[in-house]
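**Q** This is what each chain is made of:
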Amino acid sequence: GQSLEQPSEVTAVEGAIVQINCTYQTSGFYGLSWYQQHDGGAPTFLSYNALDGLEETGRFSSFLSRSDSYGYLLLQELQMKDSASYFCAVWGSSASKIIFGSGTRLSIRP
Amino acid sequence: DARVTQTPRDKVTEMGQEVTMRCQPILGHNTVFWYRQTMMQGLELLAYFRNRAPLDDSGMPKDRFSAEMPDATLATLKIQPSEPRDSAVYFCASGSNTDEQFFGPGTRLTVL
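Which chain is which? The protein sequence lines are G and H, in order.
Okay, so the first sequence: first residue is -16 according to this note's numbering, each after it adds one.
Okay, so the second sequence: first residue is 9 according to this note's numbering, each after it adds one.
In isolation and in its complexed conformation, chain H is listed as follows:
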């Protein structure tokens, strides 16, 4: 069955290192979302794309985060340089309209 996939599932890195997270949306979905989830802040929208074009990235710290969709089958979220406060679970989700989103399993990031 169709699923959103994310890699890596877990990432432990040291402060200052670059982190790249990847997402493969469900084939045919034209909207891709990146979320961050922490106990303190809950589920926050970082950025989203429609038909590969970035529509909103106001939830991202622009100085260190970047999100791209080089093609319809791949979305990436990069953090450079990473900081301990970036430790969270990062979810990618895809959908084809405004009602239902399908979430990937998430990437658990720990920055030491």
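Chain G on its own, in the form it takes in the complex:
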């Protein structure tokens, strides 16, 4: 089967850096995606890692290590508007369907 594990909650301070981890169990997948969802809103795409390594998009970076079955989302220079839930997701090559993690709720303190 396939599963994704994320911490349920993370708290950080405005201006700081925070890392949200995602570990997965899947027999094969095309890549690891990250989505952000504010309360009452829809998920929005943040990043995608098809290959191992770091992908950087502004203040957000995402990392994938297939050998470690592990990825993370790194948020820098945290702003209050970054308070949201963050989901990792994989598109399984064997099951041909996408699975989302349970989400990490990020709270930013002033």
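Just so you know, these hints were derived from the structure itself, not from any lab.
These numbers come from a predicted model, not from an experiment.
Mixed in with the good hints there might be a few duds.
Stated by the list, open to error - Only pairs whose alpha carbons sit at most 30 Å apart, straight line, appear in this in silico DSS-like list of lysine-lysine: (1) 86/H to 70/H; (2) 19/H to 70/H; (3) 19/H to 86/H; (4) 64/G to 19/H; (5) 64/G to 70/H; (6) 70/H to 80/G; (7) 80/G to 19/H.
Said to hold, decoys possible - Just some of the chain H residues that point at chain G, by a computed CB distance under 7 Å: (8) 50; (9) 107; (10) 114.
Glycine is no exception: its CB is placed at the ideal position from the N, C-alpha and C atoms.
Here the structure of chain G is known, so what remains is to put chain H in place on it, guided by the hints.
**A** Then chain H, alone, in the frame of chain G:
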């Protein structure tokens, strides 16, 4: 700018009634997804289509749920009969590859 649209945004209905949710994907996107989100279960894939053909609907209760794409600009999700446990936010998303999906605003369904 291009967006996925969903109607209705909110739906309150009574148990046993039929519910139809509609989605207009972004023009040019060949893959359409239906998701359900609840506090308990999180975000679950119900079904998805590629080039209007259903590729996977294993996440849907087959006896009451059905998903169709009558044309490239419309995807529908029907529940008949609806039950209180179907109360959730239903999202439609579209994309053109395996990495990025664009989500609609969702339909908040309440079944009494």
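**Q** Each of the hints needs a verdict: does it hold here or not?
**A** For each hint, the structure was consulted:
{"no.": "1", "hint": "86/H to 70/H", "in the structure": "holds (11 Å)"}
{"no.": "2", "hint": "19/H to 70/H", "in the structure": "holds (21 Å)"}
{"no.": "3", "hint": "19/H to 86/H", "in the structure": "holds (13 Å)"}
{"no.": "4", "hint": "64/G to 19/H", "in the structure": "holds (29 Å)"}
{"no.": "5", "hint": "64/G to 70/H", "in the structure": "violated (40 Å)"}
{"no.": "6", "hint": "70/H to 80/G", "in the structure": "holds (17 Å)"}
{"no.": "7", "hint": "80/G to 19/H", "in the structure": "holds (28 Å)"}
{"no.": "8", "hint": "50", "in the structure": "holds (5 Å)"}
{"no.": "9", "hint": "107", "in the structure": "holds (4 Å)"}
{"no.": "10", "hint": "114", "in the structure": "holds (6 Å)"}
In summary, the one numbered hint that this structure violates is 5.
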